[in-house]
Amino acid sequence: MLTFITQNEQETEGLGYKLASFLRYEDAPVILLEGPLAAGKTTFTKGIGKALEITRVINSPSYTIMKEYQSKTSNQHLYHFDLYRLEENNQDYDLEEYLYSEGFKVIEWPSKVPNIVPEQYIKVKVTSISEHKRQIEISCHAPYCTYLEERL
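Heads up: the sequence shown at position 56 corresponds to 48 in the numbering used here, and the numbers run straight through without jumps.
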(Lines of atoms letter the chains of each structure in order from A and count residues from 1; the text may use other names and numbers.)
(Lines give C-alpha, C1' and ligand atoms only; values in the text may rest on other atoms or scores of the structure.)
Protein backbone atom coordinates (compact mmCIF):
# COMPACT_ATOMS: atom_id res chain seq x y z
CA MET A 1 0.00 0.00 0.00
CA LEU A 2 1.14 3.52 -0.82
CA THR A 3 0.23 6.52 1.33
CA PHE A 4 0.19 10.13 0.14
CA ILE A 5 -0.63 13.40 1.87
CA THR A 6 -2.16 16.10 -0.33
CA GLN A 7 -2.28 19.70 0.87
CA ASN A 8 -5.21 20.93 -1.23
CA GLU A 9 -7.78 20.00 -3.89
CA GLN A 10 -5.30 20.57 -6.72
CA GLU A 11 -2.88 18.01 -5.27
CA THR A 12 -5.71 15.51 -4.69
CA GLU A 13 -6.84 15.95 -8.29
CA GLY A 14 -3.21 15.73 -9.41
CA LEU A 15 -2.76 12.38 -7.68
CA GLY A 16 -5.83 11.06 -9.54
CA TYR A 17 -4.27 12.31 -12.77
CA LYS A 18 -0.95 10.65 -11.98
CA LEU A 19 -2.60 7.31 -11.14
CA ALA A 20 -4.62 7.27 -14.36
CA SER A 21 -1.63 8.28 -16.48
CA PHE A 22 0.16 5.07 -15.49
CA LEU A 23 -2.81 2.79 -16.21
CA ARG A 24 -3.59 1.29 -19.58
CA TYR A 25 -7.09 1.73 -20.96
CA GLU A 26 -6.93 -1.84 -22.27
CA ASP A 27 -6.63 -3.15 -18.71
CA ALA A 28 -10.12 -1.74 -18.00
CA PRO A 29 -9.13 -0.62 -14.51
CA VAL A 30 -11.66 -0.60 -11.69
CA ILE A 31 -10.89 1.99 -9.02
CA LEU A 32 -12.75 1.67 -5.73
CA LEU A 33 -12.95 4.98 -3.88
CA GLU A 34 -13.60 4.87 -0.16
CA GLY A 35 -14.00 7.71 2.29
CA PRO A 36 -16.64 9.76 4.09
CA LEU A 37 -18.84 12.37 2.46
CA ALA A 38 -16.89 15.38 1.17
CA ALA A 39 -13.53 13.64 1.62
CA GLY A 40 -12.40 14.36 -1.94
CA LYS A 41 -13.41 11.23 -3.86
CA THR A 42 -14.94 13.18 -6.74
CA THR A 43 -11.97 15.57 -6.77
CA PHE A 44 -9.69 12.53 -7.21
CA THR A 45 -11.96 11.33 -10.04
CA LYS A 46 -11.63 14.71 -11.79
CA GLY A 47 -7.90 14.06 -12.04
CA ILE A 48 -8.55 10.69 -13.64
CA GLY A 49 -10.83 12.41 -16.14
CA LYS A 50 -8.16 14.97 -16.99
CA ALA A 51 -5.64 12.20 -17.66
CA LEU A 52 -8.15 10.68 -20.09
CA GLU A 53 -8.58 14.10 -21.75
CA ILE A 54 -12.22 14.40 -20.77
CA THR A 55 -13.30 18.01 -21.11
CA ARG A 56 -16.81 17.77 -19.63
CA VAL A 57 -17.23 18.85 -16.03
CA ILE A 58 -16.96 15.82 -13.77
CA ASN A 59 -19.23 15.95 -10.75
CA SER A 60 -20.71 13.44 -8.37
CA PRO A 61 -23.43 11.22 -9.84
CA SER A 62 -25.13 10.94 -6.43
CA TYR A 63 -28.66 11.08 -7.79
CA THR A 64 -28.12 9.28 -11.10
CA ILE A 65 -25.84 6.53 -9.69
CA MET A 66 -23.62 6.57 -12.81
CA LYS A 67 -22.27 9.09 -15.29
CA GLU A 68 -20.41 8.20 -18.45
CA TYR A 69 -17.74 10.46 -19.89
CA GLN A 70 -15.88 10.13 -23.18
CA SER A 71 -12.52 11.59 -24.10
CA LYS A 72 -12.60 14.36 -26.69
CA THR A 73 -9.43 13.04 -28.35
CA SER A 74 -9.93 9.27 -28.27
CA ASN A 75 -12.53 6.57 -27.75
CA GLN A 76 -11.67 6.22 -24.05
CA HIS A 77 -14.52 6.15 -21.54
CA LEU A 78 -14.79 6.85 -17.84
CA TYR A 79 -17.72 5.37 -15.93
CA HIS A 80 -18.15 7.17 -12.61
CA PHE A 81 -20.43 5.51 -10.06
CA ASP A 82 -21.59 6.99 -6.77
CA LEU A 83 -23.45 4.28 -4.90
CA TYR A 84 -24.13 6.27 -1.73
CA ARG A 85 -27.89 6.30 -2.33
CA LEU A 86 -28.07 2.74 -3.62
CA GLU A 87 -29.89 0.26 -1.39
CA GLU A 88 -27.66 -2.50 0.00
CA ASN A 89 -27.20 -5.26 -2.62
CA ASN A 90 -29.72 -3.64 -4.96
CA GLN A 91 -30.32 -6.10 -7.79
CA ASP A 92 -32.29 -3.68 -9.99
CA TYR A 93 -29.28 -1.71 -11.15
CA ASP A 94 -27.06 -3.81 -13.44
CA LEU A 95 -23.59 -2.59 -12.51
CA GLU A 96 -21.82 -5.74 -13.71
CA GLU A 97 -22.51 -4.79 -17.32
CA TYR A 98 -20.19 -1.81 -16.87
CA LEU A 99 -17.64 -3.40 -14.53
CA TYR A 100 -16.51 -5.90 -17.14
CA SER A 101 -16.60 -3.55 -20.12
CA GLU A 102 -13.75 -1.50 -21.58
CA GLY A 103 -12.82 1.77 -19.99
CA PHE A 104 -11.98 3.19 -16.61
CA LYS A 105 -14.49 2.52 -13.85
CA VAL A 106 -14.48 4.60 -10.68
CA ILE A 107 -16.82 3.45 -7.92
CA GLU A 108 -17.54 5.60 -4.89
CA TRP A 109 -19.04 3.66 -1.94
CA PRO A 110 -18.10 0.17 -3.25
CA SER A 111 -19.19 -1.37 0.07
CA LYS A 112 -22.76 -1.13 -1.24
CA VAL A 113 -22.03 -3.87 -3.81
CA PRO A 114 -19.44 -6.21 -2.26
CA ASN A 115 -20.63 -9.23 -4.23
CA ILE A 116 -19.83 -7.81 -7.65
CA VAL A 117 -16.45 -6.16 -7.09
CA PRO A 118 -14.07 -7.80 -9.59
CA GLU A 119 -10.98 -9.70 -8.46
CA GLN A 120 -8.69 -7.08 -10.00
CA TYR A 121 -9.04 -3.54 -8.71
CA ILE A 122 -7.30 -0.54 -7.22
CA LYS A 123 -8.56 0.67 -3.86
CA VAL A 124 -8.17 4.34 -2.99
CA LYS A 125 -9.07 5.44 0.53
CA VAL A 126 -9.40 9.18 1.09
CA THR A 127 -9.34 10.54 4.64
CA SER A 128 -9.73 14.19 5.67
CA ILE A 129 -6.93 15.45 7.87
CA SER A 130 -8.06 19.08 7.86
CA GLU A 131 -10.25 21.31 5.71
CA HIS A 132 -8.03 20.88 2.63
CA LYS A 133 -5.41 18.29 3.61
CA ARG A 134 -6.05 14.62 2.74
CA GLN A 135 -4.41 11.29 3.39
CA ILE A 136 -4.78 9.00 0.38
CA GLU A 137 -3.97 5.31 0.59
CA ILE A 138 -3.70 3.35 -2.64
CA SER A 139 -3.60 -0.43 -2.71
CA CYS A 140 -3.55 -2.37 -5.94
CA HIS A 141 -4.88 -5.86 -6.60
CA ALA A 142 -4.11 -6.53 -10.27
CA PRO A 143 -1.27 -7.88 -12.46
CA TYR A 144 0.03 -4.39 -13.25
CA CYS A 145 0.39 -3.39 -9.56
CA THR A 146 4.17 -3.62 -9.31
CA TYR A 147 4.56 -1.39 -12.36
CA LEU A 148 2.05 1.09 -10.97
CA GLU A 149 3.48 1.20 -7.45
CA GLU A 150 7.03 1.75 -8.74
CA ARG A 151 5.89 4.82 -10.67
CA LEU A 152 3.59 6.46 -8.16
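The reader is advised that the hints may include incorrect statements.
Claimed, not checked - The list that follows gives simulated cross-link-like pairs (lysine-lysine, DSSO-like), each with its CA atoms no further than 30 Å apart:
1) Lys125 / Lys10
2) Lys42 / Lys115
3) Lys117 / Lys104
4) Lys42 / Lys64
5) Lys59 / Lys125
6) Lys115 / Lys125
No lab work stands behind these hints, which were simulated from the structure alone. Owing to the predicted nature of the structure, the values given are computational and were not obtained by experimental measurement.
Consistency of the hints with the structure:
1. Lys125 / Lys10: Roughly 18 Å between the alpha carbons, so the hint for Lys125 and Lys10 holds.
2. Lys42 / Lys115: holds, 19 Å
3. Lys117 / Lys104: OK: Lys117 and Lys104 at ~15 Å, within 30 Å.
4. Lys42 / Lys64: Holds, at about 11 Å.
5. Lys59 / Lys125: holds, 27 Å
6. Lys115 / Lys125: Cα-Cα ~19 Å, so holds.
Figure legend: structure checked against the earlier numbered hints; every hint is met.
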